[in-house]
Amino acid sequence: MLFRPNSSLGVPIYLQLMEQVKHAIETGALRPGEQLPGIRPLAEELVINPNTVAKAYRELEHEDVIELRHGAGAFVSGNARAKKLTDRLRAGQAIVAAAVERLHARGVTDDEIRRLFEAELAGLTRTGGHGG
Amino acid sequence: MVADPFVIETADLRKNYDGVEAVRGLSLEVSAASIYGFLGRNGAGKTTTIKILLGMARPTSGHARVFGLAADAPEASVEIRRRTGFVSEDKDLYDYMTVQDIIRFTAAFYPRWRGDLEQRYLRTFELPAARKVKTLSRGMRTKLALLLALCRGADLLVLDEPTSGLDPAMTEEVLQALVSHVAGEELTVFFSSHQIAEVDQIADRVTIIDRGRAVVTGALDDLRENYRRVQLVFDGDAPEPAFRAPGIVRVRRDGRVLSVLSSAGAEQILDEARALSPVSVNIVPVTLKEIFLETVTVED
Numbered sequence: 001m002l003f004r005p006n007s008s009l010g011v012p013i014y015l016q017l018m019e020q021v022k023h024a025i026e027t028g029a030l031r032p033g034e035q036l037p038g039i040r041p042l043a044e045e046l047v048i049n050p051n052t053v054a055k056a057y058r059e060l061e062h063e064d065v066i067e068l069r070h071g072a073g074a075f076v077s078g079n080a081r082a083k084k085l086t087d088r089l090r091a092g093q094a095i096v097a098a099a100v101e102r103l104h105a106r107g108v109t110d111d112e113i114r115r116l117f118e119a120e121l122a123g124l125t126r127t128g129g130h131g132g
Numbered sequence: 001m002v003a004d005p006f007v008i009e010t011a012d013l014r015k016n017y018d019g020v021e022a023v024r025g026l027s028l029e030v031s032a033a034s035i036y037g038f039l040g041r042n043g044a045g046k047t048t049t050i051k052i053l054l055g056m057a058r059p060t061s062g063h064a065r066v067f068g069l070a071a072d073a074p075e076a077s078v079e080i081r082r083r084t085g086f087v088s089e090d091k092d093l094y095d096y097m098t099v100q101d102i103i104r105f106t107a108a109f110y111p112r113w114r115g116d117l118e119q120r121y122l123r124t125f126e127l128p129a130a131r132k133v134k135t136l137s138r139g140m141r142t143k144l145a146l147l148l149a150l151c152r153g154a155d156l157l158v159l160d161e162p163t164s165g166l167d168p169a170m171t172e173e174v175l176q177a178l179v180s181h182v183a184g185e186e187l188t189v190f191f192s193s194h195q196i197a198e199v200d201q202i203a204d205r206v207t208i209i210d211r212g213r214a215v216v217t218g219a220l221d222d223l224r225e226n227y228r229r230v231q232l233v234f235d236g237d238a239p240e241p242a243f244r245a246p247g248i249v250r251v252r253r254d255g256r257v258l259s260v261l262s263s264a265g266a267e268q269i270l271d272e273a274r275a276l277s278p279v280s281v282n283i284v285p286v287t288l289k290e291i292f293l294e295t296v297t298v299e300d
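Sequence order for the protein chains is A and B.
Per this note's numbering, the first sequence starts with residue 1, numbered consecutively.
Per this note's numbering, the second sequence starts with residue 1, numbered consecutively.
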């Protein structure tokens, strides 16, 4: 299974699904022009709310990552913007992969890495709170 | 008649039974085409609320409307039940009938009965058509009750603890049928549960009811996005700050640690927390389970 959102992560399911679709495109598991699973089969397979799948697809279309063709379904967008996004993300992924690898080497767990990323994104390193 | 924006709407709903307040000022708004989870502990007032919605109990005060119709008006109640598929917690069915009999018997009452869905669910639920209802297992009984509710072409499904007593595999099967049904038909599902995981999995909106009152209401995605736990560690004992940030659900002090649960993100709390000079700050997403456990009353 390409997509596997986790309802107990504290991250909206549609956002997880969006990230997983982008990741699948990023890794080449999904290529431009290829069709994504339909809303109903995907909702059934993942046993999640169909409205959630629809919302993820709508947002992805808004970001030009996919195209929704009426009656035909959802397709990976083949235009330049999707490619550019992919290049940008590929560079980012390499940085994240290297950082995660180094963190793992120091014994930092996945859960701790998630928390560190969230703290970083929330601007916590600028609190001036230093230990000792 | 102006179309009601909500399929189910209650305002300050109250119900007393012999001096016991089962429902205490409950307000609900359930939009069309959603799967709405009604989450609460046993005895929180879920079944009483459902009975009021279906005209099986009269509210002590406040109002309940379904399809814009007053649930306590007898004629409206008939119309509400005509358009609603209901599965009660005990899945009451005629025990002496066979599966096939009860399907034919029920179908006769509903002009919009969906023979196509009947065939589909008989197959996917693997229901034995010739077996007597009384010999069915709990899981089979639930599936049969669900089939009868799903096939009548209802605009609203009201399910009271649909998966209670089912094993995880059977629960998944029932949830899958619901998800699939909602994807294929235009209808609203209102289901009560004390199983956090299943509400988390398939609902788009949720109300957590505790002691007859709604303690949390919202879209699950919004809850996941907005609830955060901020953990502050101090050099000495944690201070007792009076946070002004909105959405603070709970503040706990434990030695050097101050833990703040917020329903409105972490940023404003962080702004205030910086002034307290903590030695470390951690933000953790919060799951529905934690929200539930933090907001419902634990006895004794």
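The set of hints was computed from the structure by calculation and includes no laboratory data.
Values in this document were obtained by computation on a predicted structure and should not be read as measured data.
Each residue gets a CB set at the ideal place from its N, CA and C atoms; glycine is no exception.
Take these hints with a grain of salt, some might be off.
Stated by the list, open to error - Per the computed footprint, the stretches of chain B lying under chain A, defined by three or more beta-carbons under 8 Å from a beta-carbon of chain A, are:
(1) 33-42
(2) 87-99
(3) 179-185
(4) 204-214
(5) 248-258
Hint by hint, here is what the structure shows:
{"no.": "1", "hint": "33-42", "in the structure": "holds (count 3)"}
{"no.": "2", "hint": "87-99", "in the structure": "violated (count 0)"}
{"no.": "3", "hint": "179-185", "in the structure": "holds (count 5)"}
{"no.": "4", "hint": "204-214", "in the structure": "violated (count 1)"}
{"no.": "5", "hint": "248-258", "in the structure": "violated (count 0)"}
Hint violations for this structure: numbers 2, 4 and 5, all remaining hints satisfied.
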